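Undergrad: So the chains spell out like this:
There are 2 protein chains.
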Amino acid sequence: MDYQKLSTYVDSHKSNFLNELGEILKIQSISADPSEKDEVHQCAEKIADMMRAASVENVRLFETEGNPLVYGDYIHAPGAPTVLVYGHYDVQPVDPLNEWETPPFEPTVRGEDLYARGSTDDKGQLFIHIKAFETYRKLFGDPPVNLKFIFEGEEEIGSVHLDPFIRSHKDLLKADTVLISDTAMYGRDLPSVCYGLRGMAYLELTVENSSFDLHSGSFGGAVENPAHVLADIVSKLHDKYGRVAIPHFYDDVLAVPEEERREISRLPYSDEEFLRQSSAVAPYGEFGYTTNERLWIRPTLDVNGIYGGFTGEGAKTIIPSRAAAKISMRLVPNQRSAEILDLFDAYIKQIAPPTVRVLVRKMHSGEPALIPIDHPSIKATTEALETVFGKKPFYIREGGSIPEVLTFQEALGAPVVLLGFGLPDENSHAPNEHLYLKHFFDGIKTVAVLYDKLVGK
Amino acid sequence: MDYQKLSTYVDSHKSNFLNELGEILKIQSISADPSEKDEVHQCAEKIADMMRAASVENVRLFETEGNPLVYGDYIHAPGAPTVLVYGHYDVQPVDPLNEWETPPFEPTVRGEDLYARGSTDDKGQLFIHIKAFETYRKLFGDPPVNLKFIFEGEEEIGSVHLDPFIRSHKDLLKADTVLISDTAMYGRDLPSVCYGLRGMAYLELTVENSSFDLHSGSFGGAVENPAHVLADIVSKLHDKYGRVAIPHFYDDVLAVPEEERREISRLPYSDEEFLRQSSAVAPYGEFGYTTNERLWIRPTLDVNGIYGGFTGEGAKTIIPSRAAAKISMRLVPNQRSAEILDLFDAYIKQIAPPTVRVLVRKMHSGEPALIPIDHPSIKATTEALETVFGKKPFYIREGGSIPEVLTFQEALGAPVVLLGFGLPDENSHAPNEHLYLKHFFDGIKTVAVLYDKLVGK
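So the protein lines, in turn, are chains A and B. Take the first sequence: its letters are residues 1040 to 1496, numbered as in our numbering. Take the second sequence: its letters are residues 1040 to 1496, numbered as in our numbering.
Simulated from the structure, these hints should not be mistaken for laboratory data. Since this is a predicted model, take the numbers as computed values, not measurements. Errors might be hidden in some of the hints.
Okay, derived cross-link-like pairs now, BS3-like style, lysine-lysine, Cα gap no bigger than 25 Å in a straight line [what the hints assert, rightly or not]:
| id | chain 1 | residue 1 | chain 2 | residue 2 |
| --- | --- | --- | --- | --- |
| 1 | A | 1275 | B | 1388 |
| 2 | B | 1279 | A | 1279 |
| 3 | B | 1275 | A | 1388 |
Using the sequences provided together with the hints, build the complete structure.
TA: This is the structure in structure tokens:
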């Protein structure tokens, strides 16, 4: 391919691409919020329209009991490999809304970044694939590989309907490589390929006592306070070495070879940069592991939200009738989410006091994944990144989860290439989510180049 | 006095009294909510109007930097003792609103009770005094005692302006007895006089790390989670015997004579009734004390609210940037709130980890009080209760706080009579607050009878 022609075309269409991306970023497709169900559906339709406009064929929505899946393909390279592109058009909730510098659904360019909920996770990255295909076809004709696209609207709530869809549509989705752009590069202009993801198990832990809030004067001291019990339980979820204290939690954790740990230690890393990205007071985690190891090769448990009693302005003197915590555990190979949730449940039953009712509600979960990095698709991806970024990419893991990676691997027997264009500090689940524009445009170029590299061109 | 005449008059005016009370219960005088400031003021004006209509004289609002104080008097018994009646017209917040069976500001009679925010705490009880005065004067002419009324609008937020007002208006408020109806009787038709109150110290404890919520995949395991630290701290506020674990917390607790503990143990009590009132799973508290002792003679610490991170529907995978708890401590003689807050602060400084920022914000506070039960006013109150209820009252303490009791005692040198007509299970700070109607009407009778008993009539 004439790479210069591609690069010039993309560079001269930046504002067109941004405007088009803006149209889907404006749609409030928050899958966790049942009241936004119509918006989520509208987003799916908009993406389908954009795919048709880009000449993707057989575009259709597969309705589910939840949000629709958007499918499309372009099969014009007989005998050549097929690439299945996955992405998701649903986004995280936006609260706390008051911490956004510009409204989450009004895309705004500030400096080198585009700010909007979904800009990096994952609408912006999904959009890269639509534009890469459109651009390739416009400049060079039919791509040398066959393409299939599957975009879902429930990634942020556990991909509950995608999983059975993949398993029941193996022929439709059959591919030689699955290509996913929903991860981060190691840093700005530090291209990287991701070969490992953590899994997740999410649950809600509730401690209940009275059926209504009690006056803390009239009852304080004579009944158990659910917030105290919740605090006691949460404090027993880790030991003083930062390890998860649930019995047998680490039993199935795959040992990581010393060589891989050495590779991780060679990656550029500084506490200063980590603290800049996280805005945290200090690095902190499991004793005996580095920050990257804690994020990539070790499982964790985090309280995502805690609540109970009076949380408004001022003071209210009550004993809460209940208190609850939303808890997620990030898992590594070969932990399995169902088993981990059972271990959590058993531990809570063991430590729950007799003075209250303690309930565990299992929510969504997904499995961790490791990608075989010696596969030809990974080699092609490496070459594509080198072409566009002008330097060799790093091989990294990621702390986040894309539960479907394991499903794709297992159901389709295809390797998954994690070619993410995000950055670790783009606030993907926080206020002021943004996308580094250079990676966005370089992403379009990289994916277009990858079509060629996958057939050795 | 002709008690039968009084009793018949009150009984035949029940619906009038209820309708009038309804007018002030409808006003949303939530002092903790700054947006309700106008409603709070409107409530003060309405009460002043009602006092004037009842022939109270010199009725006026004293404006403060917060909510107004309502004053009025009726000084027509030269040489006779003066009674200062205190009450408050502000109410607790109403959340969780969805747990109210009928809206909090739409007074509704169900069965033997009147449901509304403020019905028992304290608008209903304040109203008893206006109606008792009006009724006495209508039936029997000028009462044999001089009366002063002071009603405040900031009791639920720490009486910040009443305290200095009392100290700077000692002449205006000068009295021989302070009469307060803001406590509960021991049970339905179990008349009682309260001789002790707990104090309170209220604060907010915040744990902060990052300046925004972090993606729990991208950062989970490598930074301290503020919700975990908050849980650790809260779990260290009590020991396993239910004692508050703050060093020196109990140093100033006055030993309670064995005789008083024996008296308390003689009161009618059953776990079944306590659990019915509290709807709690089990009695639980400091080892070595009975339920009534835990509520009356022992100090406590309770989390009133806990919050941080994602608390909406569904799941969001973040590490909260901060987590906080609202905490109140109920104090007993001779603990002092300022000292207790300092001890809390010092303990938190000692146990706070270096991986986060931990902040203590002191909020309102009030001192515990003991009433001399051998005072003639207590004897008169006992006789009044016996007249109306037909049985001897119990002498009890209360777990709640009326910080002004100590201020009245200290500033005016007058004994405080705590003649409450509420009940422990009337949800005074919870959804579905209500007032037992029989006590409301008997309260009007009791206060009218008390005027006579105070002068030995």
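Undergrad: What hint numbers does the structure not satisfy?
TA: No numbers; nothing is violated.
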